[in-house]
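Visitor: Protein chains in written order, with the working numbering: chain A, 13 to 522; chain B, 632 to 802.
Accuracy of the hints is not assured; some may be wrong.
What the hints assert, rightly or not - Selected chain B positions facing chain A (Cβ under 10 Å, derived; list incomplete): (1) A645; (2) C675; (3) F708.
Since the hints were made in silico from the structure, they are not lab data. These figures come from a predicted structure and were not determined experimentally. Every residue, glycine too, gets a C-beta built ideally from N, C-alpha and C.
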Amino acid sequence: MELQYWIDQSTPLPGAPGVRRLDVTVDTWLACATDVAASGGRLFALWADCAGEATVFAALISEPIVLLLALELPGTTATYPSLAEIFPAAARMQRAAADLCGVRARDFDQRPWLRHAAWPVDYLPLASETRPAAGREPAIDQYSFVRVSGDGVHEIPVGPVHAGVIEPGHFRFSVVGEKVLKLEERLGYVHKGIEQRFSDLSANEGQRLAARVSGDSAVAYSWAYCQALEGIVGAAVPTRATWLRALALECERIANHLGDLGALGNDAGFAFGLSQLSRLKELWLRAIETALGQRYLMDFVVPGGVFTNPSMDNLVALAACAAKIATEAIVIRGIYDEHAGVRDRFADAGIVTPALAKQLSLCGLAGRASAQLHDLRADMPCAPYTDLRVRTFTSRDGDVAARVAVRFDELNESARLIDEIVHKLPNGAFRVVFAQPAEAGMGVGIIEGWRGPVLVALRIAADGRIQRCHPHDPSWQNWPVLEHAIIGNIVPDFPLINKSFNLSYSGHDL
Amino acid sequence: MLKTLHTICRAGIASEPPPASDDALRVSDVLQNRIRGILGRALCIRHVDAGSCNGCELEIHALSNPVYNIEGLGIKFVASPRHADMLLVTGPVSRNMEVALRRTYDATPDPKIVVAIGDCGCTGGVFGENYASVGRVANVIPVNVAVPGCPSSPNRILAGILTAISPPGVK
Numbered sequence: 013m014e015l016q017y018w019i020d021q022s023t024p025l026p027g028a029p030g031v032r033r034l035d036v037t038v039d040t041w042l043a044c045a046t047d048v049a050a051s052g053g054r055l056f057a058l059w060a061d062c063a064g065e066a067t068v069f070a071a072l073i074s075e076p077i078v079l080l081l082a083l084e085l086p087g088t089t090a091t092y093p094s095l096a097e098i099f100p101a102a103a104r105m106q107r108a109a110a111d112l113c114g115v116r117a118r119d120f121d122q123r124p125w126l127r128h129a130a131w132p133v134d135y136l137p138l139a140s141e142t143r144p145a146a147g148r149e150p151a152i153d154q155y156s157f158v159r160v161s162g163d164g165v166h167e168i169p170v171g172p173v174h175a176g177v178i179e180p181g182h183f184r185f186s187v188v189g190e191k192v193l194k195l196e197e198r199l200g201y202v203h204k205g206i207e208q209r210f211s212d213l214s215a216n217e218g219q220r221l222a223a224r225v226s227g228d229s230a231v232a233y234s235w236a237y238c239q240a241l242e243g244i245v246g247a248a249v250p251t252r253a254t255w256l257r258a259l260a261l262e263c264e265r266i267a268n269h270l271g272d273l274g275a276l277g278n279d280a281g282f283a284f285g286l287s288q289l290s291r292l293k294e295l296w297l298r299a300i301e302t303a304l305g306q307r308y309l310m311d312f313v314v315p316g317g318v319f320t321n322p323s324m325d326n327l328v329a330l331a332a333c334a335a336k337i338a339t340e341a342i343v344i345r346g347i348y349d350e351h352a353g354v355r356d357r358f359a360d361a362g363i364v365t366p367a368l369a370k371q372l373s374l375c376g377l378a379g380r381a382s383a384q385l386h387d388l389r390a391d392m393p394c395a396p397y398t399d400l401r402v403r404t405f406t407s408r409d410g411d412v413a414a415r416v417a418v419r420f421d422e423l424n425e426s427a428r429l430i431d432e433i434v435h436k437l438p439n440g441a442f443r444v445v446f447a448q449p450a451e452a453g454m455g456v457g458i459i460e461g462w463r464g465p466v467l468v469a470l471r472i473a474a475d476g477r478i479q480r481c482h483p484h485d486p487s488w489q490n491w492p493v494l495e496h497a498i499i500g501n502i503v504p505d506f507p508l509i510n511k512s513f514n515l516s517y518s519g520h521d522l
Numbered sequence: 632m633l634k635t636l637h638t639i640c641r642a643g644i645a646s647e648p649p650p651a652s653d654d655a656l657r658v659s660d661v662l663q664n665r666i667r668g669i670l671g672r673a674l675c676i677r678h679v680d681a682g683s684c685n686g687c688e689l690e691i692h693a694l695s696n697p698v699y700n701i702e703g704l705g706i707k708f709v710a711s712p713r714h715a716d717m718l719l720v721t722g723p724v725s726r727n728m729e730v731a732l733r734r735t736y737d738a739t740p741d742p743k744i745v746v747a748i749g750d751c752g753c754t755g756g757v758f759g760e761n762y763a764s765v766g767r768v769a770n771v772i773p774v775n776v777a778v779p780g781c782p783s784s785p786n787r788i789l790a791g792i793l794t795a796i797s798p799p800g801v802k
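Here chain B stands alone, though its shape is the one from the complex (with noise of 0.2 Å):
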């Protein structure tokens, strides 16, 4: 008990400053200003995979870290798409994955927010479209904020949530 003690008063308090939200990264806006006062508080995120080579997840686990602290922002990973506000979907979108994908998304109540993680959320990145894979995560649900990057780095991934939630043209 000592010891964890010890090696947590030396780690000491880890955490950084939040990014600034980019207008950059925004695809749509869908919400209205009253709704994202309320979001904005005590945000919960649902992540689906649809396809991706895991290397978002890692930057996405990252997120939770005490260096970028999600939690500490009111923002939360829950694990039913009933209980969230917002899809952060990695890809491209496996067609195995896109009814699955699509069911999530329908489960997930209104209003909701969809960002799409990663070059292959975006575009569908070094894989494509082919039988197997159906490209960026715009081609199965609508995006509201797309964040590019091979994998996106835990700080951009932050600014595109940070970004939804935030009404056009504020810092």
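So here's chain A without its partners, still in its complex pose (with noise of 0.2 Å):
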């Protein structure tokens, strides 16, 4: 059947523009995934909602549409069948979803994921009623890794605790010498039971946590946590609290591509790139305290609209030191080009071609430097981004250069958006006053963060209570494909290819 077959079932879901829901059966749950893989769609997210009727939910991309999948299931020992075979990237997200819900899909893969040795297999985060008793010492579980043989073959195990200011995970490397034969990722270190938690809390609540999933996409959750609040509430937000919104999620975009790319020179062996970049983020990071009131805008967007109100003198200055950094980063990008030792780790490193990235579904910058040309603000634009036309860059490399590549040119396009939006910006409020919401719904929030797309699934009861939050990060596509990315270079490597992608490990921990 044709994908307009099964657009044409679905209903519309508040939110985000384009997202749509579709009942499916067991039956159709395969069939309706297959047609969005055969007209080019990839998986976007998967999770589980066990807080009382089990169903397991599979959002499916094909722009301008998603298609949010909802599979009901009869109570949470049931299995339904793996998504897998069609969309790898779901393996992952299945095998969470057994450890936080119980719902299995039938696959060949059935270890624990997120669930360690922390909390009892009998006890399902999201689906039990009484919680486990605190003060435990968790016991040191043994993960069953897929062993590498051969003459030569040793593994290099590193660990949860790394060797650099990075967050906590397991990698265990299978290699001849100093080449990689395999990678294997071992994450859920850093899950602190952040869906959990989200149900303590009611709706209004809910953007104070959403925007610490992953401190550095603050501004992608928070507003997509807030799109989806604000479309079951049916809230119209004012047009110059879009637009700042905007704003701020360029911000965070230009810095943490600062971050990155000095981080990456830094990985090449060249001190210059980190020294000069991370004074330019420094700077970058003081104008936008200076115009919007935090380095890192952890509670700038909030529901109805967004915190405070910037001066026009501060948003003028913001622009203005956003243009000198572009310019600056220009620079840089030169030096980069020109040094030949750069050039040579940077090139050829940790391949992706365009038909793996296809096959596994890699989304944002990573995804675009591999010739997958997908960015929500251009393919499914929300206010203000229907007005701003939005660049986006692509290669066909997929190599460290071309991530690299991809970023400065993501940056120089922020720059540039940040002074469009300055001085287009329209007057009026800055923010509403945002009611408790009264009645039950579901709504999806899509926004195109700096790392690539983020999605909050919110869920709220009639009293304004959250019954289930589900937030996705871009990296639940992405850190497996680091594992394919890795093979055949040298273990040295690692750190830059490893950078190259900067995945968040509490964003998909949870």
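Quick one: dock chain against chain with the hints and give me the complex.
Guide: In structure tokens, the structure reads:
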């Protein structure tokens, strides 16, 4: 069947434009996913909702539509057909859903994913009524890594505590000499029960937690959360507020690109890049603080609008600072491009071919660097991106150099967007009083963060409390791709390749 | 090469003077003054993310930029707890990281200092305590200095580090 057949049967959901819900049965679940894949669609997110009936949700994206498949199951012990054959990216999401809600996909890999040994196997954090007693010393569990054998093969275990200032996770390298034969990731170390915590909060309090799912993407998450919530309530957000949200989102993009581009230079042995770009980043964070009140915009996007109304003088200064940074970044890009040592490390390192990127649903900036030209700001724009015409950048090379190039291009484009936003910023209210929702409902928000598309699915009860909130990070799709990108490279190039993706542990582990 | 040198010269020296230590951040004092004198001139820090949202990590990174220039103060981040005098811990401590944090603490030679960073490191923050989160860092290992903030600003983190190696009452 055609994709259109399924779209015709679906109903629009509140929140982001283009998100539609389709209730499916065990039979049509796979058929619909197959048709979406055949039309060039990809897996956006997958999660289970067991507060009430057990339902598995799969958000599939085929621009300009996000089709949210809802598969109701008879209880939390039920199994359902795995989507991993169609979308390999589904595998870990299905394992996480099993850890948290009990519902299992019929897949060969039944190892736990987010659950280590910290809570009992029969405890389902999002389904069980009684919570386990605290204070028990967690055991160390034995995870069955896939072993590689043969002459001269040995393993290098790395983490969870890494040698730099980064988040915790475990990497198991199987190597011959310096060459990596296989990398297997083990994540879940920073799982801190965010999804259960959401259900302790009222809908209006949820924004604070959503912004802290992954601190580097605070604007993307808090905007996606507010988009879902405002959709459910039917609240109209002032035009000025949506423009200021976009301004904040582009500020966040520039800050992260500056940080990562500097760190990439450093990982290639070129400390000049780090010192110059981290200096620019500090300059940028201070400009953001002056204009918008915080260095990192954890609580800028709030239900009903934005937290503060910046003065025009500060906004003009912010745009001028962005332009200055973009100009300086172009000089540093030129230095990177002409530096033989840096080129040698960047080019051909960690290649993800366009075909592999498509197969594994690689998304966001890493996807664009492997010819997957998707960007929600351009493909499914919400206000004000409908008026901004975002330019997107791509490469077919798929190596570290391509991801660096896309980041430099996007930094430049964000500076241009900030200038345009500041000069076209409409007058009017920056926030409306946001009433506690008085009706139950479900909504979905989707926002293109600096790393890639972020999704927040929110279901609230009639008393305004959150029943289920699932935040989805693009890192879910991209972590498994990193395992492929490193194959055949040497171990010392791993930090460089890893940094070129810079995936979130916290956003993934929840 | 010329462009590189030109950029360096044009940028100049961006470093700012460090903040004063702040006794309000101190939780407990463990160091003898003699040791403090030794540490104060060459402090080695091991950072441990025990469950943070990565916001505090971004600000800890900022300490190494030319503006805060932490290495200019004789303080450096090291790759192993065995080389460290101080653990800089961000939280909340997830239960999946509890054992790793304890082991990192045990692997750090005495005398050692622990500085908890961020609202979550200080109190558990927005995440609190539940089946997967043990809450504040002090619930798992002894903490000497606690720096609140969401995320803590680089100036406050630096003030916290300097407080930990200064005797009480000295600015």
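Visitor: Would the hint on A645(B) stand, with a C-beta cut-off of 10 Å toward chain A?
Guide: holds (5 Å)
Visitor: Any CB of chain A closer than 10 Å to the CB of F708(B)?
Guide: Given a least distance of 6 Å, the restraint on F708(B) holds.
Visitor: Please check whether C675(B) passes as an interface residue: C-beta within 10 Å of a C-beta belonging to chain A.
Guide: At about 13 Å, which exceeds the 10 Å cut-off, the nearest Cβ of chain A leaves the hint on C675(B) violated.
Violated hint: 2 only; the structure is consistent with all others.
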